[in-house]
Amino acid sequence: MIEFNMPSLGADMEAGTLREWLVKPGDKVKRGDIIAIVETQKGLIDIEVFDEGVVNQLLIREDEKVPVGTVMALIANGEKGTGKTLQRLGKETETGKPVEEWQPVIAPHLVKASPLAKRIAAEKNIDLQTVKGTGEGGAITKEDVEKAAAQKAVMNEIKPPATESIRMAVAAAMSKSNREIPHYYLQQKIDMRKALAWLVEANKLRGVKQRLLPVVLLIKAVAKALTAVPELNGYWENGFRHKDEINIGFAISLRSGGVMIPAIHNADKKTLDELMTALNYIIPRARAMKLKSSELSTSTITITSLGEANAELVYGVIYPPQVALVGFGSIIEQPWAEQGMLDVRPVITATLAADHRATDGATGSRLLMYINNYLQKPELL
Amino acid sequence: MTDEEIKHVVVELFKKIAPDTEPEKLAPDDDIRHTLEIDSFDALQFVVALDEHFGIETPEEDYGKIATMKNLIYYIQQKKTRLPT
Amino acid sequence: MNSNDTILITYREALKQAVREALHKDEKVFLMGEDVGRYGGAFAVSKGLLQEFGPERIMDVPLSENGFVGAGIGAALGGMRPIVEIMTVNFSLLAMDQLVNNAATLLHMSGGQLNVPVVIRMSCGTGRQLAAQHSHSWEPLFAHIPGLIVLSAGTHEDARHMLPMALQSADPVIIFEYTAMLNMEKDMPGNTSDFNINKAMVRKPGKDISIITYGAGVYKALDAAAALATMGVEAEVVDLRILRPLDKDTAFESVRKTHRALLVEEAWATVNISAEISACIMENVFYELDLPVQRLGGVEVPMPYAKHLEDASLPQKEDIVERVKKMLQHD
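Which chain is which? The protein sequence lines are A, B and C, in order.
Per full-length UniProt numbering, residue 1 is the first one in the first sequence, and the count goes up by one each step.
Per full-length UniProt numbering, residue 1 is the first one in the second sequence, and the count goes up by one each step.
Per full-length UniProt numbering, residue 1 is the first one in the third sequence, and the count goes up by one each step.
Watch out, some of these pointers could steer you wrong.
[What the hints assert, rightly or not] Calculated lysine-lysine pairs in the DSS-like style (CA-CA distance at most 30 Å, straight line):
1) Lys-147/A / Lys-199/C
2) Lys-132/A / Lys-248/C
3) Lys-65/A / Lys-24/A
4) Lys-112/A / Lys-326/C
5) Lys-290/A / Lys-79/B
6) Lys-79/B / Lys-124/A
7) Lys-124/A / Lys-326/C
8) Lys-15/B / Lys-290/A
9) Lys-204/A / Lys-25/B
10) Lys-132/A / Lys-147/A
11) Lys-147/A / Lys-209/A
12) Lys-79/B / Lys-204/A
13) Lys-307/C / Lys-248/C
14) Lys-307/C / Lys-118/A
15) Lys-124/A / Lys-307/C
16) Lys-224/A / Lys-204/A
17) Lys-325/C / Lys-112/A
18) Lys-325/C / Lys-147/A
19) Lys-30/A / Lys-243/A
20) Lys-15/B / Lys-70/B
21) Lys-28/C / Lys-47/C
22) Lys-317/C / Lys-124/A
23) Lys-307/C / Lys-325/C
24) Lys-7/B / Lys-292/A
25) Lys-25/B / Lys-269/A
26) Lys-25/B / Lys-79/B
27) Lys-317/C / Lys-248/C
Hints in this document: simulated from the structure, not taken from any laboratory.
Small disclaimer: the values here were computed from a predicted structure and weren't measured.
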């Protein structure tokens, strides 16, 4: 039996509220299936499952808020259950008898409500557990459900805007970062002339929908640089833990304030067109605050790119438990001295904020050098 | 199509891509991207939508010609009369 | 005639007019029963009819229910349209064999050849302290039997108009009449154009609770509904009228509207009509219910003689009001 837990969708997440189960006991699931929708400070997140099996039992009710790591469901995959889980379920584990795979599904709580009240509750998506019954013996009546529905409608209206809770989430994560991570900073000016010229040519071959933005060159350059400097790709969890996959968290600022950092998985292995497709896929969903759990939880490094007509450079704050953040300022025309000649070039300033517990300046410096080198040979990206 | 009609469509397209902006308040000579705080990604989305809606093609080198509402409407009118051949 | 016209009439007079009209209209119709002729009927329903129609058509019979009900069935098979009066429901048990094994069954046993168009009238429920000998409410016993049509005349209108319609039926019809209501004077609608014996009737519309009843329960429920109205409760009163075949749809429709149902009848609560209606509601409109269906039935004792005990053994207007208040009461 596999335990399906409330995932951590970022270092700042302590608990999540299950809003909806998309599966029921008996359903087959496979890796990548979205089985639940969880509400966090970052909005409604589609939660994926990482195992294959049959949903055995749903342990958490909809609209229940539980801490990260809480077992939400059991998924049968042919293995025996762990003692921990069974204890929680109140089952005998010491008799030595094999635990049966199949268990009857018994509704965990009996709600005393009239059939009509139950029907209306189902129609209006009201959790009867949250409704106070005023009928005979505390039974929930139609009137009670309708009152609850009206209240819910009001609550939804006066709910603090999502941006406010995102603000709080960013605040929590950044405070933790600043408190715990000894940052060091490096910066490197990069001549973007070749890269941009290459991009103009490349885009001439592409329809407007396939057009590439300069930022995909930056993402790819960072991803390739990380293959050469793997010490910056991973987490600090009681020591540095290197991650094989290079999943780039791409900071997307929300128009109404706050930042979402969805992951672009295996960015080093994606072509520029694939990276552009990935951006087209995640940016609108990030702005709509509708991301998948895997996109929010699996970044191994973060890139923040200010884009055009913006500040010249950015000193980032690392998103824990990652150990590095690469920042790009605006591309700005600047005087550029090269081989004794002065020229005007489009220049971008790349910065690195890195965790000094995990790496030292020399390592960070190597990363920026690699990034620069790749951007000078855009045809190789 | 009148300029007013084009402006109406453009405003709708902007609202679809950047729902919390107020493109209807743009003055004719405002820099659109700067005023609405639209980044390169949304700008690209807008060009895609523009091309699809009006059946025109906007090459990258023309981005400078569509920076303000006035220029954008003029650009669309030009493109539309030129097409199709 | 204006449809708003009403006729003030006693329940007894309504019954008598029905019999008299039937005798006038069709010479195949005759009335037979204990004391219906010279005595004028145990409850004076047929008083004067012997003089008017003669002994061939107003026929006194010996005290033998099984015998004269059988004779009525025979007459019906022979092409007549007999109205057989059984003095009270208590004595009808003596005629059960004829009713169940012949009247209800002959059509089936003859392979559809023999209809039995007999109409059986009987007094039912309490009268004036008639005790366990004459006072029971045994509608459920008859409603149980396929092949019978069982009517319950809970209003003056039904007392007046059910009989002529029952005489149109090709199959045996039992009409329950209510002793306690004989002297009751009520306004009865003059217009009978939409009168039928197929459908239950909403006697008073309401939105808060359905009081589903029949027979002697109808006026009690209407009185209770009037009292409840003064407390701001709009009760709907459904008169089932036809106990077999039951018109469940009218009851369901009412429950769909009010979401609450109280079933009231004078018959003993166990295995009564309300039990059937309750089960049908569960089967068909469960998800309309906002409260458990509740029943008020007769106390399960032989009918007492003493007036206060007689009253106490049956659901009264006050009981209905109290039960509705309790059902609608919130914490």
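Evaluation of the provided hints:
{"no.": "1", "hint": "Lys-147/A / Lys-199/C", "result": "violated (37 Å)"}
{"no.": "2", "hint": "Lys-132/A / Lys-248/C", "result": "violated (34 Å)"}
{"no.": "3", "hint": "Lys-65/A / Lys-24/A", "result": "holds (19 Å)"}
{"no.": "4", "hint": "Lys-112/A / Lys-326/C", "result": "holds (18 Å)"}
{"no.": "5", "hint": "Lys-290/A / Lys-79/B", "result": "violated (37 Å)"}
{"no.": "6", "hint": "Lys-79/B / Lys-124/A", "result": "violated (51 Å)"}
{"no.": "7", "hint": "Lys-124/A / Lys-326/C", "result": "holds (28 Å)"}
{"no.": "8", "hint": "Lys-15/B / Lys-290/A", "result": "holds (19 Å)"}
{"no.": "9", "hint": "Lys-204/A / Lys-25/B", "result": "violated (34 Å)"}
{"no.": "10", "hint": "Lys-132/A / Lys-147/A", "result": "holds (10 Å)"}
{"no.": "11", "hint": "Lys-147/A / Lys-209/A", "result": "violated (49 Å)"}
{"no.": "12", "hint": "Lys-79/B / Lys-204/A", "result": "holds (18 Å)"}
{"no.": "13", "hint": "Lys-307/C / Lys-248/C", "result": "violated (35 Å)"}
{"no.": "14", "hint": "Lys-307/C / Lys-118/A", "result": "violated (46 Å)"}
{"no.": "15", "hint": "Lys-124/A / Lys-307/C", "result": "violated (53 Å)"}
{"no.": "16", "hint": "Lys-224/A / Lys-204/A", "result": "holds (25 Å)"}
{"no.": "17", "hint": "Lys-325/C / Lys-112/A", "result": "holds (21 Å)"}
{"no.": "18", "hint": "Lys-325/C / Lys-147/A", "result": "holds (22 Å)"}
{"no.": "19", "hint": "Lys-30/A / Lys-243/A", "result": "holds (24 Å)"}
{"no.": "20", "hint": "Lys-15/B / Lys-70/B", "result": "holds (18 Å)"}
{"no.": "21", "hint": "Lys-28/C / Lys-47/C", "result": "holds (20 Å)"}
{"no.": "22", "hint": "Lys-317/C / Lys-124/A", "result": "violated (39 Å)"}
{"no.": "23", "hint": "Lys-307/C / Lys-325/C", "result": "holds (26 Å)"}
{"no.": "24", "hint": "Lys-7/B / Lys-292/A", "result": "violated (36 Å)"}
{"no.": "25", "hint": "Lys-25/B / Lys-269/A", "result": "violated (44 Å)"}
{"no.": "26", "hint": "Lys-25/B / Lys-79/B", "result": "holds (25 Å)"}
{"no.": "27", "hint": "Lys-317/C / Lys-248/C", "result": "holds (24 Å)"}
In this structure, the earlier hints numbered 1, 2, 5, 6, 9, 11, 13, 14, 15, 22, 24, 25 are contradicted, and the remaining ones agree with it.
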